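> Listed below, chain by chain, are the residues.
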Amino acid sequence: MSPAGDEARVPVLDVRDVHRTHGSGPAAVHALRGVSLTVHAGELVAVMGPSGSGKSTLLALAGGLDGPTAGDVHVEGQRLGGLDRRRLAQLRRRRIGYIFQDLNLLGSLTAVENVALPLELDGAGVRRARRLALDALAEVGLPELGDRFPDQLSGGQQQRVAIARALVGERRLVLADEPTGALDSQTGEAVLHLLRRRVDAGAAGVLVTHEARHAAWADRVVFLRDGVLVDSTAPLGDVEQLLTGSGR
Amino acid sequence: MSIRHGLLALLERGQMYGYQLRSAFEESTGSTWPLNIGQVYTTLSRLERDGLVRSLPESEAGQRPYEITDAGRADLALWFATPISRADRPRDELAIKLALALTTPGVDVRSVVQTQRAATIRTLQELTRLKYASDRPEDLPWRLVLDAMVFQAEAEVRWLDHCESSLVRHRPAAPAAGHDPAAEAVERTDERARR
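Protein sequences, first through last, are from chains A and B.
All residue numbers for the first sequence refer to numbering that gives the first Met the number 0, where the first residue is 0 and numbers rise by one.
All residue numbers for the second sequence refer to numbering that gives the first Met the number 0, where the first residue is 0 and numbers rise by one.
Here chain B stands alone, though its shape is the one from the complex:
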């Protein structure tokens, strides 16, 4: 992560200009990840260069809105569908990803949760296999390092379980935009679960 994907997810809600994107981004991430406006515009120009967003004509107030392109939607869908590697997680990308998934139209949040859970449990299986193979007394330091990774991964799965049960019990409040993509996403998820 992926300011890129954060901005794409926000633009999936509807067209926005730079300052709107910045405040929506900070709102989505609980202000745990402050952005400066320069980062927003640099990222937007790279996204535009790559064909993932397009800029629209300036408004009378001199603001230039951006909208997501089909290629941008495909890139965003791929991001949501791909589990994050635990080896490459400078910030808590997963928490931010789920927060954005909840407010992005068309995202099946329970499926995002399950994809991550399966990937993290697979990591746990691999760590456990390494532990099982390291049962000599002199392996203890290494085993404890493995345990650290095991407990971190386990904590993540417990949090994902918690997210899922919260999704089933509560519908999140509507975001500022006109329609309520979060409620729609939960509805879609519920519907899928019922099938």
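Only chain A is shown next, with the shape it has when bound in the complex:
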């Protein structure tokens, strides 16, 4: 559960001194004020903070869904601000997976069709897209349910389909905004387990959450307050000390 490798490698996500202001003049809202964040392959970073602290804005900037007012966002060394719309859309489809509380599954498509959709949009052949989608559904523990429609699945299963869609193909950056939503604690934990496993397999992940128990799945937790990064936990080291005195 810790990032491997040397310090010199290019981070998957590199957010540099970003500002995001909505509106202008006296009504301007400064959602982010000079936030920097670096996430390497194999690393999961959780972002915590009270409502309105800028967590979701940061995630939207990291995924190229929104642009900063100032500062830069780089994904795998590419500056998002330097890409035209077509190349930005392509990068988002191929390299970035999004998991939101609102699942956005299309009700008229089966689970496997939902998962295959981004690949098909990206020009993959139908058979290849279906094969990769089935692999992704197997990864999230739903190998048998690919032909069901979303309304034939439980809430937890629908969330797994949404995760499979975020992980399908070669996504190197997985962005999750309160991904456990209204799921019960066991199902929510299974979702985090999947995210953790994908990161351990080499992706980089950012998890926005207000739940400390969920943030604890991350290697590093950063805290936002009023659009500013105020604190960060150090990467984990030896946990044996914790057990001394805990009575195992």
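Hints are computed from structural coordinates only; laboratory data are not their basis.
Everything numeric in this text was worked out from a predicted model, so none of it was measured.
No residue lacks a Cβ here, since even glycine has one placed at the ideal position from N, Cα and C.
Certain hints may be false.
Residues from chain A shown here face chain B by an in silico Cβ test under 7 Å; the list is partial [claimed, not checked]:
no., residue
1, Ala211
2, Arg212
3, Trp216
4, Val220
5, Asp230
6, Thr232
7, Pro234
With chain A fixed as given, assemble chain B onto it according to the hints.
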């Protein structure tokens, strides 16, 4: 904790004698931790021996006030700046610490809250990593023990979040002393947050 640090925090408000310290201590801790006067004087004499407080001349009424020294202030600042280990918490030191932080001049309460939150989340990360590594069926009893620790730590973080949002919304009532260190502390915290 640290009756020591409790008394140092109270003396940071201004000089006090033994009985005043006892009642102020009990007031600060919501009477959850009653002190006898013997404990107060024993602690004061140890603090004086260690150079953290000094005794002043007796008043006409025969009361001997104490005041905090610079070394005492440094010791107090260190206590506020250092997170409490979960392994060593016989009473709810954290709740008492926050109650005192709120009424002690010069303490940035939101910073005390954040220091503790980061330390507790780190504990949660460590517990979660242990859980992640224990997913065989025969690990279940151990995993549930870990869950107990996880939920306790989570409860603490939720309470800290609650404290922070309360700090932002409400200013506490002024304590008995002449000035209002609580309001000043909140003001300082607000100011820091605005920067």
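> Return the numbers of the hints above that this structure violates; sort them in rising order.
Number 7 - this is the single hint that the structure violates.
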